[in-house]
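Could you build all of it, start to finish, from the sequences and the hints given here?
Listed in order, the protein sequences are those of chains L and W. Our numbering puts the first residue of the first sequence at 1, with every later residue one more than the last. Our numbering puts the first residue of the second sequence at 1, with every later residue one more than the last.
Heads up, a few of these hints could be off.
A few chain L residues that don't get close to chain W, going by computed Cβ distances all over 10 Å [what the hints assert, rightly or not]:
| hint | residue |
| --- | --- |
| 1 | Leu-3 |
| 2 | Glu-65 |
| 3 | Ala-70 |
| 4 | Pro-164 |
| 5 | Ala-224 |
| 6 | His-228 |
Label-pair ranges, simulated between beta-carbon atoms [what the hints assert, rightly or not]:
| hint | chain 1 | residue 1 | chain 2 | residue 2 | range |
| --- | --- | --- | --- | --- | --- |
| 7 | W | Asn-95 | L | Leu-237 | 48 to 58 Å |
| 8 | L | Arg-58 | W | Asp-177 | 32 to 42 Å |
| 9 | L | Gly-89 | W | Arg-169 | 27 to 37 Å |
| 10 | L | His-133 | W | Ala-57 | 19 to 29 Å |
| 11 | L | Pro-136 | W | Gly-93 | 24 to 34 Å |
| 12 | L | Ala-27 | W | Arg-169 | 21 to 31 Å |
| 13 | W | Asn-110 | L | Leu-3 | 26 to 36 Å |
| 14 | L | Arg-74 | W | Pro-166 | 40 to 50 Å |
Simulated from the structure, these hints should not be mistaken for lab results. Note that beta-carbon positions come from the ideal geometry of N, C-alpha and C, so glycine has one too.
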Amino acid sequence: MPLTQQDIDAEIAAEHAAYLKRVAGGAPVEHHPRRDYAPYRSSLLRHPKRPPVAIDVRHDPELVELSSPAFGERDLSALDNDLTRQHTGEPVGERITVSGRLLDRDGRAVRGQLVEIWQANSAGRYAHRREQHDAPLDPNFTGVGRTLSDDDGRYRFTTVRPGPYPWRNHVGAWRPAHIHFSVFGSAFTQRLVTQMYFPNDPLFPYDPILQSVTDDAARRRLVATYDHDLSVPEFSLGYHWDIVLDGPSATWIEEGR
Amino acid sequence: MTRIDTTGPGRVPPTPSHTVGPFYGYALPFPGGEDIAPAGHPDAVTVHGYVYDGEGAPLPDALVELWGPDPEGGTPSMDGSLRRDPASGGFLGRNGVEFTGFGRIQTDANGHWYARTLRPGARGRSAPYVSVCVFARGLLVHLYTRIYLPDDATALAADPLLARLPAERRDTLVAADEGRGTYRFDIRLQGEGETVFLEFQ
Ligand SMILES: [Fe+3]
Numbered sequence: 001m002p003l004t005q006q007d008i009d010a011e012i013a014a015e016h017a018a019y020l021k022r023v024a025g026g027a028p029v030e031h032h033p034r035r036d037y038a039p040y041r042s043s044l045l046r047h048p049k050r051p052p053v054a055i056d057v058r059h060d061p062e063l064v065e066l067s068s069p070a071f072g073e074r075d076l077s078a079l080d081n082d083l084t085r086q087h088t089g090e091p092v093g094e095r096i097t098v099s100g101r102l103l104d105r106d107g108r109a110v111r112g113q114l115v116e117i118w119q120a121n122s123a124g125r126y127a128h129r130r131e132q133h134d135a136p137l138d139p140n141f142t143g144v145g146r147t148l149s150d151d152d153g154r155y156r157f158t159t160v161r162p163g164p165y166p167w168r169n170h171v172g173a174w175r176p177a178h179i180h181f182s183v184f185g186s187a188f189t190q191r192l193v194t195q196m197y198f199p200n201d202p203l204f205p206y207d208p209i210l211q212s213v214t215d216d217a218a219r220r221r222l223v224a225t226y227d228h229d230l231s232v233p234e235f236s237l238g239y240h241w242d243i244v245l246d247g248p249s250a251t252w253i254e255e256g257r
Numbered sequence: 001m002t003r004i005d006t007t008g009p010g011r012v013p014p015t016p017s018h019t020v021g022p023f024y025g026y027a028l029p030f031p032g033g034e035d036i037a038p039a040g041h042p043d044a045v046t047v048h049g050y051v052y053d054g055e056g057a058p059l060p061d062a063l064v065e066l067w068g069p070d071p072e073g074g075t076p077s078m079d080g081s082l083r084r085d086p087a088s089g090g091f092l093g094r095n096g097v098e099f100t101g102f103g104r105i106q107t108d109a110n111g112h113w114y115a116r117t118l119r120p121g122a123r124g125r126s127a128p129y130v131s132v133c134v135f136a137r138g139l140l141v142h143l144y145t146r147i148y149l150p151d152d153a154t155a156l157a158a159d160p161l162l163a164r165l166p167a168e169r170r171d172t173l174v175a176a177d178e179g180r181g182t183y184r185f186d187i188r189l190q191g192e193g194e195t196v197f198l199e200f201q
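So this is what it looks like as structure tokens:
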């Protein structure tokens with residue numbers, strides 16, 4: 001029997017109910033997905049069964065994981081944060097400006113760190129050779145960008161709004177439109193790869209990847225906000241999306257001095 | 001909810017992690033990502049291995065990131081891992097002499113990866129190791145592990161992490177010496193011989 005959307009919906013609902021029950025029983029809020037999330041079938045054979053071994057970084061300020069690789073201006077070229085100007089022509093689609101701040105758990109700006117994005121084109125097709133969705137490729141859009149966060153932690157990209165696309169998790173599986181983000185912090189422990197979504201997408205409840213974040217408030221933090229102040233007159237629509245890095249950093253050492 | 005309020009008391013909730021997905025391959029890997037050691041450096045070592053799933057099948061679409069200290073144990077502060085060419089907009093590669101300590105490698109069609117980097121020096125109370133971050137389709141949150149080199153048994157025995165682990169689990173973090181500066185390090189995501197993965201708190 002091929003797996004249907006109804007099957008996946010039932011599994012998503014069961015996972016959500018189980019999470020609410022855990023929290024009601026006093027378990028902590030889960031900000032991140034569990035790696036073992038069956039509705040996303042690719043996770044079945046790719047999640048560790050043993051719990052991770054915890055390392056309390058306060059015991060050892062010398063851990064290499066408390067530092068992070070450096071990236072600088074020479075790791076970028078001028079048009080890397082404008083995905084609409086990387087080819088001779090203009091890409092097809094609705095131009096958007098995506099901007100926000102890179103923050104740590106204390107709400108402080110994370111400065112000078114690499115922010116990378118990749119995405120499908122406006123038709124929902126990736127410029128990746130193994131992509132099998134037969135939506136049109138756009139010769140004027142690759143869908144890859146990078147930038148450094150500024151002194152205020154701010155990043156900014158110009159791109160086109162990606163389309164939703166089908167995938168083969170189950171029959172009728174469609175990913176809501178999203179932009180993939182890869183972010184470095186001031187410590188390797190803060191490394192984050194995630195996805196940004198667009199407000200009010202009707203595909204949200206059907207998508208096992210978004211729903212793998214079982215906490216409702218946490219899931220909302222993956223959805224950008226339309227921001228009219230970011231919209232550029234006669235050019236683009238603006239979306240605001242702040243990113244908060246998790247994981248311990250070394251800043252407590254500085255504070256202790 | 002996505003303009004984060006930083007004015008209130010207490011900690012700000014984090015942005016949830018998501019899988020890297022299957023189509024990062026034209027975006028994240030960069031030419032020379034596996035050649036972290038400056039050309040001709042006498043302390044260069046090669047580390048390599050496979051990434052396996054719970055059925056022992058190799059992953060052709062895993063992304064491995066390495067971050068390690070220099071041979072003296074210092075953490076590199078040099079940028080330039082993925083230098084860009086302002087003329088073509090393409091990648092220039094590293095500059096051949098500076099050590100950034102950072103590498104990024106996608107497994108090949110057989111699930112194999114390799115990197116040439118500098119032999120890491122010891123830091124603090126730890127035995128020398130290279131930090132590893134693993135990403136893949138199906139992996140909703142990346143995984144941290146470490147590659148310890150097997151050369152100094154005394155340092156390994158004194159390492160605070162390795163000392164806490166039972167022998168068979170500990171061995172998943174220690175690379176095998178294949179001679180001539182080459183070390184084998186396989187990553188098993190699930191099941192028998194599952195690699196020890198780390199959570200930093
Ligand atoms: Fe995607």
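Least C-beta distance from Leu-3 of chain L to chain W larger than 10 Å: Holds, because the least Cβ-Cβ distance between Leu-3 of chain L and chain W comes to about 16 Å, which exceeds 10 Å.
His-228 of chain L and chain W, when compared Cβ to Cβ, separated by more than 10 Å: holds (13 Å)
Pairwise beta carbon distance, Asn-95 of chain W to Leu-237 of chain L, judged against the given window 48 to 58 Å: violated (40 Å)
Exclusion check [Pro-164 of chain L not at the chain W interface, CB over 10 Å]: holds (14 Å)
Verdict for His-133 of chain L, Ala-57 of chain W (Cβ pair) under range 19 to 29 Å: This hint holds: roughly 24 Å between Cβ atoms.
21 to 31 Å as the expected CB spacing between Arg-169 of chain W and Ala-27 of chain L, which holds or is violated: holds (26 Å)
Range agreement (Cβ of Leu-3 of chain L with Cβ of Asn-110 of chain W, hint 26 to 36 Å): holds (29 Å)
24 to 34 Å as the expected CB spacing between Gly-93 of chain W and Pro-136 of chain L, which holds or is violated: This hint holds: roughly 33 Å between Cβ atoms.
10 Å cut-off, C-beta based - Ala-70 of chain L kept clear of every residue in chain W: Nearest chain W Cβ is 4 Å from Ala-70 of chain L, so the label is violated.
Distance restraint evaluation - Arg-74 of chain L, Pro-166 of chain W, Cβ atoms, bounds 40 to 50 Å: Since Arg-74 of chain L and Pro-166 of chain W have Cβ atoms about 46 Å apart, the given range 40 to 50 Å holds.
Arg-58 of chain L paired with Asp-177 of chain W, Cβ distance criterion 32 to 42 Å: holds (33 Å)
Cβ separation check - Ala-224 of chain L to all of chain W, threshold 10 Å: violated (5 Å)
When the structure is compared with the earlier hints, violations turn up for hints 2, 3, 5, 7, 9 and for no others.
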